[in-house]
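Chemist: Residue numbers (this note's numbering), protein chains in the order written: chain A, 1 to 314; chain B, 1001 to 1259.
Hints were generated in silico from the structure; no laboratory data involved.
Quick caveat: nothing in here was measured; it's all calculated off a predicted structure.
Beta carbons are placed, not taken as given, at the ideal position from N, Cα and C, and that holds for glycine.
Treat the hints loosely; a few may be bogus.
As the list claims (entries may be wrong) - Derived pair list, reagent style PhoX-like, types lysine-lysine, alpha-carbon separation capped at 20 Å:
#, chain 1, residue 1, chain 2, residue 2
1, B, K1010, B, K1020
2, A, K229, A, K168
3, B, K1164, B, K1010
4, A, K7, A, K229
5, B, K1246, A, K210
6, A, K217, A, K168
7, A, K210, A, K28
8, B, K1011, A, K114
9, B, K1246, A, K4
Stated by the list, open to error - Which chain B residues stay away from chain A? Per the calculated CB distances, all over 12 Å, these:
#, residue
10, K1020
11, D1034
12, I1080
13, V1103
14, S1106
15, R1114
16, E1130
17, N1172
18, K1210
19, S1227
Unchecked claim - The calculated label-pair distances, taken between Cβ atoms and stated as ranges, are:
#, chain 1, residue 1, chain 2, residue 2, range
20, A, D17, B, I1088, 29 to 39 Å
21, B, E1130, A, Q129, 44 to 54 Å
22, B, P1098, A, Q129, 28 to 38 Å
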Amino acid sequence: MSDKPDKFIDDDGLRLDGRRFDEIRPMKIEIGVLSRADGSCYLEWGKNKILAAVYGPRTLHPRRKQIPDAALIRYRYNMASFSVEERVRPGPSRRSVEISKVSAEAFEPVVLTKYYPNTVIDVFTEVLQADAGTRTAAINAASLALADAGIPMQCLVSACAVGKVDGKLVLDLNKEEDNFGDADLPVAMTQDGEVTLLQMDGNLTPDELKESLEMLKKGCTEIFEIQKKALYTKFGKDPVLDVDDIDDEDDEGLAQIQVELDDSEGEDVELDEDYLDVDEELEEAVEVIEVEEDPDKKGISNLSDEKEDDSDEQ
Amino acid sequence: MSSEVMARLKKDYIYNLMLKGEREDKRSFDEVRDIQIETNVIDKAEGSAKVQVGQTQLIAGIKLQKGTPFPDSPDEGVIITSMELNPIASPIFEPGPPNENAVEMSRVVDRGIRESGSIDLKKLCIKEGEEVWMVFVDIHVLNDDGNILDAASIGAISALLTTKIPAIGEDNDEIPVPVRELPVAISLVDIEGQLMVDPSLDEETICNTKITIISNQDGSICGMQKSGNGGLTIDQVLEASEIAVKRASEIREKHLLDI
């Protein structure tokens, strides 16, 4: 491990890797990289290299773990033994067990698990190379792998961390800031700013916490835009679509899917105690499954097609 | 299956009470249950405390062993926190290695002690690079009546406050473990938008989301953890941290400062 630097932020306000305090590291995303998985995503974020894959929904064994009215999300965060300087012992550690648990819970609020009773949605994330912020990077990749698998979700989940170095809050910690910083606050959020994962260690005053959460909201929004672009690049109807133009086309794509799902589900899925609509929901779910099985097309693009059909009827 | 039916019925019951501004045990939403701490309950351990929060009971025991330090911190002792959810404590706990809940909770307790700098690890060094004290904090849950995590956090720090480091050699006396900070974890659950502090067993079972906030004497926050299948708004996180810091300082003054 390298030694603690004297200064994390130079006189120009730049960090060790040249970023500003609220700037995230460059992110590279490729969707659908594994042929056997139902959905997959490879993500590079700074020097992090993450591979995420989704299998399912598939029958859950052992049966006693099945949930009669929902799918179980089973998330595995795993570090390759060669991913860090000092070799990691293969197999689950206490750290990876905890991260796996909270990461699964980060997706529970957005994945429409009610469509797939008694099943499991397996999300596997492999950290091939680690360089600070692997759990948030894995969540960003997993979110896209779920979309690639055509799993119905209310929205994507985006994750980022804020930390404190030299008494100043910084977004998306690099390795030095992570190792020697005074705080680390990884958070996952939906586009609406709903916090679905939150952990913290270090030391923050209540005011710093407030400021951190505001920075995280901005950071997660930025990551969401990158994720959205990646989905467009992969599934956009127009193959020559310039990804930089996406922002202008507000009423297309994911935002629409979200609206559609919101409409069919009422205000809040979690709160929905009324199962009268369940037949309708199931029909919809069946439609989604059929769409997935169409070999020429894949989940997300079809979801948006579906939406267009609906609007034509209206 | 029956437990799921019960959970749904209980959810209705607790939700309806919440709409009236009540909780099942008549507490207000930001009120914690009575806490009892008894220290030095196990003579064989170097430090120990039995904690009761409502009907939740557990014993935190400290064992000290000599060991080799980690290469990246040759002059610092080591603290290891673990928790066992014994089958004696609940019909749904099973024997065997710690499950993910136990791992998560013990790591959150550990985070509080570690990140607050509560223990001066340098004072646990016997010979730099060769021998240090390893402090094992073991949480033994005896009865689960909800919110084991907060009870465990209080138990761990109480037990550490009573821990003595054995004498080494002839001219040394045993000395207390150097405790510099008193981190206290406070958990709140979100039930349909209402935050409730120190959840009872039913509240914890049916809640969407739980958030735990560990704070220091100066009101700063040294650890947080969201768990459970729901989400929280940013405002809820801030509200929770405000309540948690207040309750933690009350518990610290009432129970911990005189140990």
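Chemist: Next step is simple, just say for each hint if it's right about the structure.
Modeler: Here's how the hints hold up against the structure:
1. The suggested pairing of K1010/B with K1020/B holds, with an alpha-carbon distance near 15 Å, which does not exceed 20 Å.
2. This hinted pair does not check out: K229/A and K168/A have alpha carbons roughly 31 Å apart, beyond 20 Å.
3. Restraint check for K1164/B and K1010/B: not satisfied, since their Cα atoms lie roughly 45 Å apart, outside the 20 Å limit.
4. For the suggested pair K7/A and K229/A, the alpha carbons sit about 35 Å apart, so the restraint of at most 20 Å is broken.
5. In summary, the hint linking K1246/B to K210/A is supported, as the alpha carbons are separated by about 17 Å, within the 20 Å threshold.
6. A threshold of 20 Å between alpha carbons decides the hint, and for K217/A with K168/A the separation of about 17 Å falls inside it, so the pair holds.
7. As the CA atoms of K210/A and K28/A are separated by approximately 29 Å, the hinted pair breaks the 20 Å bound.
8. Distance hint between K1011/B and K114/A is fulfilled; the C-alpha atoms sit about 18 Å from each other, no more than 20 Å.
9. In summary, the hint linking K1246/B to K4/A is not supported, as the alpha carbons are separated by about 35 Å, beyond the 20 Å threshold.
10. For K1020/B, the requirement that its beta carbon stay farther than 12 Å from each beta carbon of chain A is met, with the minimum near 18 Å.
11. The claim that D1034/B lies off the interface holds: its Cβ sits roughly 27 Å from the closest Cβ of chain A, which is beyond the 12 Å cut-off.
12. A cut-off of 12 Å between C-beta atoms contradicts the statement that I1080/B is not in contact with chain A; the least separation is 10 Å.
13. Distance check for V1103/B against chain A: the nearest CB is about 5 Å away, which does not clear 12 Å, and the non-interface claim fails.
14. A beta-carbon of chain A is positioned within 12 Å of the beta-carbon of S1106/B; the least distance is around 8 Å.
15. Non-interface call for R1114/B relative to chain A: violated, since the shortest CB-CB distance, roughly 8 Å, does not exceed 12 Å.
16. No Cβ of chain A comes within 12 Å of the Cβ of E1130/B; the nearest lies about 20 Å off, and the non-interface call holds.
17. With 12 Å as the threshold on Cβ separation, the claim that N1172/B sits away from chain A holds: the shortest Cβ distance comes to roughly 33 Å.
18. With a least beta-carbon separation of about 10 Å from chain A, K1210/B fails to lie farther than 12 Å from that chain, contradicting its non-interface assignment.
19. Listed as outside the interface, S1227/B is inconsistent with that label: its C-beta sits roughly 6 Å from the nearest C-beta of chain A, within the 12 Å cut-off.
20. Remark: the range hint 29 to 39 Å for D17/A to I1088/B is contradicted by a beta-carbon distance near 52 Å.
21. In this structure the hint that E1130/B and Q129/A lie 44 to 54 Å apart at CB is violated, the actual value being about 34 Å.
22. For P1098/B paired with Q129/A, a C-beta distance near 29 Å keeps the hint of 28 to 38 Å intact.
Taken one by one, the earlier hints fail for this structure at numbers 2, 3, 4, 7, 9, 12, 13, 14, 15, 18, 19, 20 and 21, listed in ascending order.
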